[in-house]
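Chains as they are written, first to last, in full-length UniProt numbering: chain A, 1 to 837; chain B, 1 to 630.
Some hints could be false.
Unchecked claim - 25 Å max Cα-Cα, derived DSS-like pairs, lysine-lysine: (1) B:416 x A:238; (2) A:435 x B:26; (3) B:416 x A:239; (4) A:245 x B:423; (5) A:375 x B:225; (6) A:247 x B:427; (7) B:221 x A:361; (8) B:26 x B:129.
For the record, the hints were derived by calculation from the structure and aren't laboratory data. If you're wondering where the values come from, they're calculated on a predicted model, not measured in any experiment.
Residue strings, one per chain:
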Amino acid sequence: MEQKLLSNFGQICKNQTKISLKPFSIARTLLVNPSTSDQTISSILQNLETLSTAVAASNPQFYHLHVITLLCEISIVRRHFSPRITTTLHSLSLHCPNITPRAAGLALSTSVPYIPLPRPTWFPRFQRGPRDCFYLSASCIVVEDRGMIEGCYLRAVELLFDTEECVRCSAVHMVSEWGKFLVANSEGKSKRDWSDSLYVQLCSMVRDMSMNVKIEAFNALGKLGIASEYILMQTLSKKVLPITKEKTLHGQLSRKHSNLPASTAAGAFIHGLEDEFHEVRSCACYSMRMPAILSADFATGALGLLMDVLNDDSVVVRLQALETMHHMAVYGHLKVQEMHMHMFLGALIDMNSSIRFTARKVLRLTKLHDLILFKLVVDSLIQSLEKYPQDEIDVLSLVFDIGRNHGSFAISIIKEFFPEMDPSSSCNWDFNSSKTAAHLVLAISVPLSHGKQQQLDLDSIPSIIFSYAVTILGRISRSLTGVMNQDTLLAYLSHCSRSSGPHPIELMKGEDKMVEDDVATKIDSQITCPVSVRLDMVHNNNDGDFETHDNSDNYIKFILANIVQVWPLMKFGCIHEVLTTLRSWKEELATFITDPSCQSSSHLTFTSQYLDVVKLLSKVWWHVMCPMDLICKESGNLGYILQKLENKLRELQHRFIGLSKEEELHIQELTHVASTLKSSIFNESLIKKLEFFSLKEIIFQKNIKYMDAEVDVGDKYKYKYNDWLNPIPFVAGLPVGIPLKIRLHNVAIETKLWVKMTMYEKLREYVYVDLKQFEGCEKEWNVCLRRRLMVLEGMVGPHMSLFIFARKKRCSFLWFWLFVASEEFCWLEGFRLRQIL
Amino acid sequence: MAIDCLVLGAGQEVGKSCVVVSINGKRIMFDCGMHMGYTDHNRYPDFSLISKSGDFNNALSCIIITHFHLDHIGALPYFTEVCGYNGPIYMTYPTKALAPLMLEDYRKVMVGRGEEQQFTHENIIDCMKKVTAVDLKQNVQVDTDLQIRAYYAGHVLGAAMFYACVGDSAMVYTGDYNMTPDRHLGAAQIDRLQLDLLITESTYATTIRDSKYAREREFLKAVHKCVANGGKVLIPTFALGRAQELCILLDDYWERMNLKVPIYFSAGLTIQANLYYKVLINWTSQKVKDTYATRNAFDFKNVHQFDRTLLDAPGPCVLFATPGMISGGFSLEVFKHWAPSESNLITLPGYCVAGTVGHKLMSGKPTTVDLDKDTRIDVRCQIHQLSFSPHTDAKGIMDLVKFLSPKHVILVHGEKPKMDLLKSRIKSELGIECYDPANTETVSFPSTHFIKSDASNAFIRSSLTPNFKFPKDEITDTPSLHVRDERVSEGILTMGKGQKVKVIHQDELVTMVGGGKTEVEFGYCFGLNLCRLKNISKEVRVSNGDDSLLCVLNTKLSDEFGELGLRDCEGSLEVNSFRVRVCKNDDCPHRVDSDELSERLERVFFCCNWSILDKSIAWRVISVMKNMDL
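The shape of chain B in the complex, shown without the other chains (with noise of 0.2 Å):
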């Protein structure tokens, strides 16, 4: 069994998010994006890799969408009505109730644009209606093998990450996600899983943020002043997302400072996602939760409709206005009228594409800004640019791997030198196996697998209890309390024939395996001079006889090995294991006899026993005594 991961998009850079991933047999795509920067077919993942037949039906279990992000959900009509995929889709309930919007905003831009249609208003209705919601941590289950599980995410409203596994396998794929929280989104939130894979996001691979309270103190800090000094503030946005954090910040310094300055939000896109925010609390940070029993938090106290006649009404305001980047639209008109005073503001967004007059505004300090051919603008307004960013930086990447400690992790969604340095750093710093595969590249690594086993009940008994050891410091020779808790700990795993596999205790083994117990022990038999012996007997004055040679030799090893504990047992001399007698066995087997018959008479043998744990000891006794025989 093995797990396989084929990247159909974002390897190595960002854009059409698509891995497909087989793990126990099962196939899931994760997320299914298209890239903006393309036109042609390198727009969509390259589908055909996954079947050569085109049956997607049974090539994938299911597909898995994150969120609401073209990148990430923009091929899925075609992929489901023009390529015909039929299996489940999910997604989670606040990305199945925007994304429609998103795709149909998208699709009007591409017929805008007298582009080809790649998919009908009539296509994003009956995807959507194939797709199946999920809740946050609600356990789905694909079929009888998979199963999936959301995760919180931050990033956007709705973004999730999929915890899926398959038998012993499981992985995490996190789509994008932010692992500081923001005003009006939480951070991302999982719990600590045993995972084989984890395939994560790296968009700032090397960038590692300071806190975000210093950028929030800086937009305040410029919108306090201008509108401190009667000036208007204009703030191009997003319709989803910034907006609102934007918002949200600044509705709740109104209140703190007790401005009354107005706030107004444009027409239409904003109110509406407001709308969706207000609907879609449960998705929202705890800040916005825990308020909301008192006040909900898109409630904004001091925000008004705006109208076209106050564009020009004297006095300080605040202004949201769509789109982003001051392309067209509103927010460009709005930028006409109030560009010229010195006393405005107008804050630009972190990002912002080549041509557009946000771009131009970034680039430098310009005092004009041509908009087309007969109409120039003088810019004499401050410029103040955000950089708030919805994505993690290195350091919370490194934080979830590390949380999560999965086997394996595979970089997608960012750029190739970046996500190097990052893999270096998750190898050596975690010690985790990392992969950055391109587009259509596969990665496979064998899974999990487990195998059930029986236990004796000796063995649970023993691994109940808490388990302490005192192993042996080799260099100062104390003992040092080693507290674990292995309730696995030494047991013996037993395979018999035709049997289920079983783990059993130590002690239990040989009555199960039927044998004896047989323990190796050395033998040595040597003989000393017993003239000698008999001179050092008189010195210490014992009687004669086999008892007395071992009298005279206690006497002498107890000054050596007295600590040891050495025992006089009937016969015998005892340290530990080490055991020394008097052999009177001319036939020992163990005997070393090198010497010379004639000699032969003066000698007393000794048969010396021990086993291989006391060596050492036995070896430094031996010395001892042939060094009396000196």
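The shape of chain A in the complex, shown without the other chains (with noise of 0.2 Å):
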């Protein structure tokens, strides 16, 4: 069907002696279909090409605007298309001067977010400007000009009154992407004034009567940057802010909206949000986060307004508003008050399942105030869970994690629940129902809560209560597969019911100190990491008993053995739980490194920075791949993440002693990874190639060894008050003593040791330690340095073991820094720093 529909389109374009639509309809059946391949894409581009220039002469304007207008579509479904696309539009626009600007403006705005802007000559015009130059690179435009980028901007913003809807939907795109430049162009004050006046300018178009107009407009608004504060308040009220009132900002040059008052952008997502039209307000929504991230006061107001969406007639606004509240909750900025509640809680009975679970996402990272709200929370979950049991994992699962988040206002809802559920008493009370389950869950909850144990008052908890939970056993352990097994949970539960409260059963007292003792590291190594365990749950689709470890190589085993599983999720994009789960083992790894000198130490310490890179790594991968997210935009400069996932690939591949090859092979494709991604920020063709790449398993073959130096200046008293009022005495030429204790970890004596000392940036010289003539000190040695030493500046070679004792300029204190390297070519950092002088 492809073919034959090329065919045709081709014969047409070559035998059509007068202008007609129809290649450009079979042109546009073959691009909106999915399937076409990019061969016939290709073929359709150059037919084209051929066309623009042969047979256009009769009637060029109205045969080229819908080849521009093609064009235009292909490069938004096809992006890879565009540099040729550019090239089409840059030869068109040589060969037929008279495109309308119209057509141009059309053009543009639809090219700029995806490809390189076409050269100067697309607006033949522009070349007279003196200082005008465009910079084509590969993926980004650089425009060098500010008058230029003022020009554009202002211009779009004039046709944003446009009387065609479909001109002031691009002019929306327009200024935005223009806005954007500026802003970026501009410095200080000047900057802001313009990233507020942008904001404005695009607050002002979500009052158009087009619906199409304010989807685009909301659109813009989610994408962009900073805008002052008071403009984002201004924003949530329709009456005009006592503060806003007369200010004015850049508007246009001409014509009679000429300032721009900031009292424009009133109401403008109190708009959006109650706009007739779902698309509208699902946009809405979510250009709210951007702001809400920024600025808490924002967040406090958008909430109130976002609560009240959930009142919304349309599934995919609710889910939107609270999508936007769970990324608020992520920021911090999430603060709930009791007049949100009703609302609120109505979401965790909503009809719509995905909306019920969206809204105990976000209520599980929800800090709640104080008992009222608390329970009502707690009310409202055991309604949500007696209307509709088959959320019960889900719920139960919540309860216990509320539970744990608010453990005191937790013990005072089971203290005024308990006598109800007194068998002795003579109330009929039903042992199965949905509410007991959840009442237990927040009471077996309690003790495990986090922080603050000793605060809370355990004992108040009928220890009863834990032999209740026996009884539905399973129940609970379903929903608590993520945080502990069955076994534990009994475990904990049996404990639980003998340790504590008005209830006699401690028997054996020394007994009964193990198994608590026992159980607390048993169930303490589980729950860290609830998110991680839950995440191998679902790829696993194991039951959740691996092995309970109580050391630390059972533990090491389990993450190099489950890291594996992590990639594909990167994949999936999960990077909020890839993070998640990486910072919880590594934490959890974090309480078994006592001392680094021991043997299995090194193991840890190697798993520690092997986890270390994997997250570099994530964090480098998710920027590359989805360079548009706003989460990432958050999380750092990637040339900075780069740098640090360098740095600790080299360390782990230097550091360590008795790798096996498996080992620092792994290691080493890791660093391949590392810079092809580096690479792949230029040519974006090279990500292809990592499409196969997997983290693989690691299992420790030999006792490997970490490497570690320890510099400790000597006579502490000595320099005790080297502060900058009194530096150290260090003139130069003269001989100066500065004793230096050195300790090394698991270096062999047939290293180099150098100590490099510098000062002033210029100043550098090495000293070289011979490790042989301290030998017998056992492992520490007292060197005691000189300043006559011979300078090897320029002969720093691959060979050289180093000591790098810098000084700094300011000369407050001393930084050591630390090189060792084996036999081959490393490079070794990393320093400790015993003692600041």
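Work from the hints to combine the two standalone chains into their complex.
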């Protein structure tokens, strides 16, 4: 079919004598079909190119409009054709200088975000500008002239007032794109002014009558960076705030709308949220994310509106509102108040299961400030559970989570609730009810609550409750699969039911104590990483009964075995989950590291650093694959992360002795991946090479050793007062001795050791330390440095092992850098600052 | 040609909307309403102002009705049947369908009150026969010159704004409109048009309403709380409009929250009204239209017909009953039954006429309500007042005016002091002329009139390409790019005798006029001391002669004016259009000669010419040259 259409298209193109729209419709048919091959599109393009110069003579303007529109469509649907389309457009503009400005504007606005801006000839008269230069680079536009950006921006602003809907739509797009350039190219106060005026300008478009313009405006707003706080607050109120009243911003240069009053932004988001079209409403919800991250005040105001949106008739909009709230919660800007509760908790008993699920997701991250709120939440959860028993697993796990987060509130609820379920009382208590289950889960969550355990009045929880909980063990353990398995739960419950409370079952105290410790470690080791284990569930489909590990080795094995499964998740885009997993693993590992010198710790250090590498790698991966995502912009500069990753990898490679072939190979592979990712920033095609990359399972074959060194400046008291007022007397040319205490770990005696001393950046000296000379002094040497030592500048070769002893210019403290290297070419970085003078 | 706007009703007041606009010779009457507050002649607009003779058919081109509310249509049967207007009348389909119901209802009430009947049932039917129904955005050619078009206005079912244009002049009359959508009607929607005049309502000229979500939330919270506690909710409403909106809201909430409490509609009118909505689905909001394919939003899932036996049935329920202000009828009956119970809830509409039970409930918190001498009812139930309004607020009006940016704005349908405030806002913030005439006043202003002209090919070509300008910034002297899309750039309008008006490109002017190009040039001829110059020439070591003098000048001047591009042409030096040469002509017309004859021998004269553009450069060069003389 595809071939048939294509040949048809080609024939018409060749044979047509007068202009018809048929080839365009055929081309469009092919274009909209996602399964059309690139080859076909390519030949369409070729035909268009030949056409544009050949047949167009009779009615060029009419014809070119269609060609341009089609080209734009192709560039939107198939982004990788953009460069080629740009050239086509370019040649087109050369041949036919009379393309109408509107068409040019439209083409420009569609091209800007996707493809490099055409060469200057695209606007034939741009060349006249004495200082305007465009640089065409591989994936972005570099425009070097403020005047020109300003000109384009203001032109786009003028087009916002066009009578045609589609022109206004494109104009909004253009304003936002050029506006971003403008902001990026300004400094200081004018940067803020421009970003404000851009924001207000776009806000003014949300009151357009056309749905498409409104959607476009909100999308643009959602992508914008920052605006002044008062403008953000103004967007939440239809009434003009006092602060906004007199302010005006850069507007158009000409015509009657010469300046732009800040009050134009009034109520932009309110209008968006109460729009007639659900598309607009949902876009408005989405666009509130960015300002909600930036300003806590805005977030508070926006939350009030979003809570009301939960009453919307469209599921999509409600879901989007909840997602935005979740986003706010992630950034710690979600402050739920009692007045919100009616709407918010309504979402928990919504008909739609995804709404309920998202509402619970938000609730998990919500901090409840007082008991009333907490009670409301628990009651609603129970109500929701009664109505939708199918949600039980998630609801109970949520109850468990909020119980752990709000231990003291949970206790007071239990206290109230407990008398009701006492079997001795006359009331008819249903032990199978959802209510009981929820309350029991709440009760068992309390002893595991985060932090401040001492402050909780744990004794006030009757221990019999834990015995009751055993009766519905199956139900509870199903909900808590992510946290602990059934056996652990049973052990925990039976322990709790014996240990505390008014019921004296404390028989053998000593034994009991032991049990308690045991359980505590067992539980701790598994609970601290709920997310990670849950992720494993998704992939393994096992019932979560991985073995309990009470020593670090097993834990390391577990991590190294499971880290392989993290990568596919990464590829699916669950960056947050992956990072949380890695973080919690790392925290867990950190608890085992006590003394780096002992043997088992080398494995720990390795694993910990390996986790770091994977974490950084995930971040970089995410950056490169999804550069538009908002989150990653937040998570720091790509260059910085890459640098960090490279350092970590180098350390991993060189500071461990005794790595097996496979391990070394894997680290090499990681290094390669990192550098490929780095170069793929400039050349996107490289990404394809990484398609099949995944992490490998590492099993330690041999004992690895971790090289480390510490430098200690000997006479503490002498240098104690070495601050900027009383620097160490360090006169150039005079022999001054600074005694150093150096401690080396796992460094072979054959290793060559150098101490580097730097002063004022330029003055650098190296001292060779012959380890053999100190042999026998066990693992500590006292090295006395004299400044007469040989100067080896420029001769620092790969075979040298160095201590770097750098002295910073301002001399308030000393830096100790440690470079240890083995026989091969290695660089090791890392320092341990024992003492800051 | 001019636009005259005669306000017959709703000028600085609310009620009997009626505006007659003469636009390029056509007269259109917008709305023909009645005032509910009067029973005398003030009830109707003063139609005699339209035509003293009473020949309305020739005086008016057409009548346009925006929606079916009585203050917009109430006087129509009177005007057509009693006053005898027979010309065309336009309104939208739903208005045509619902208007006779409203009018008939009103006539019955009047008859019931024993007032004099203004028009009969037959009058209404005959009147409606003259009506032409129009659809949204349908171009209607009233006659050869006058074209009208309806735009969606929200407000009530079938409400429309009307666009009218005659020749080059165009205007919009909004009627009542709503800029924020509600559950069953959309927001007003109009294209961006080139307008001379916008006549807009201004009911809420100063109010700025907050989000409608807050109002909905309060309402739902109150109702939900009541039924959750087993109470009964009475919602007295008007048959059409609010009842449907609230019902959609509740039905939706019920479904979402999975509530099983029954919602009842009292018999008759409301159910019938729902029927109209179902038929006229195209005039409702986007959401209703969207879901129409799967389910008609007016087929309420949880709504049942009410049965009188249910009045005292136990258990919670929600009941919609008419009339809205509990002035009598079924809602009063239910009120009697339900008001004494604390668990029940009664919602009141935003506005209740004084004297009705609704009004009594609104003012203060009465514990008892006297229905008549013998009946007193204890009121223990909760009261919730609704604040929904189908009119746009001040911000909506401003937004619409800004969006349309007409040349003039006339405010009607509002209260004088508030309209004044809005008027001054429109003038100051938007820079648009604004008026708020009282009844029977006329506002006039000129209308737009375009003149057709030909354009030369060269001009069209120059206009087709984008026009980028690089005007110099006087202060910083850096060219800033000025991107403009002025396709009518820099043309010259020519009007020859007996010829059509034509726009030509500036380059064509000379050939067209047949004249030559004349440039004004300034001249200045002055003498310098030859000795001094020779001294200087020794310093720079050049040979004698006239050329040598110029060389001297060149070296001197290029220090100062090098960056401007000093050129040494044959026998003269040039900077832009400035030109200096040695002048041998003793009778040079530009010679400025005040010196004595004796010194003349030692002097050499330089003659300078320049055009006005380089005035400042010229005088700088001259002053430098004169300084050399010192």
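Each hint, compared with the structure:
Distance restraint check for residue 416 (chain B) and residue 238 (chain A): the Cα-Cα separation of roughly 23 Å lies within the 25 Å cut-off, and the hinted pair is therefore satisfied. Simply put, residue 435 (chain A) and residue 26 (chain B) have alpha-carbon atoms about 75 Å apart, too far for the 25 Å limit, and the pair is violated. Between residue 416 (chain B) and residue 239 (chain A), the direct Cα distance comes to roughly 22 Å. Compliance with the 25 Å bound is thereby established for this hinted pair. A C-alpha spacing of about 18 Å is found between residue 245 (chain A) and residue 423 (chain B), which places the hinted pair at or below 25 Å, so the restraint holds.
Between the alpha carbons of residue 375 (chain A) and residue 225 (chain B) the distance comes to roughly 17 Å, so the proposed pair stays at or under 25 Å and holds. Proximity of residue 247 (chain A) to residue 427 (chain B) is assessed by CA-CA distance (about 18 Å); at most 25 Å being required, the pair is judged to hold. Using a Cα cut-off of 25 Å, the hinted pair residue 221 (chain B) and residue 361 (chain A) holds, with the two alpha carbons roughly 24 Å apart. At roughly 23 Å between alpha-carbon atoms, residue 26 (chain B) and residue 129 (chain B) fall within 25 Å of each other, so this suggested pair holds.
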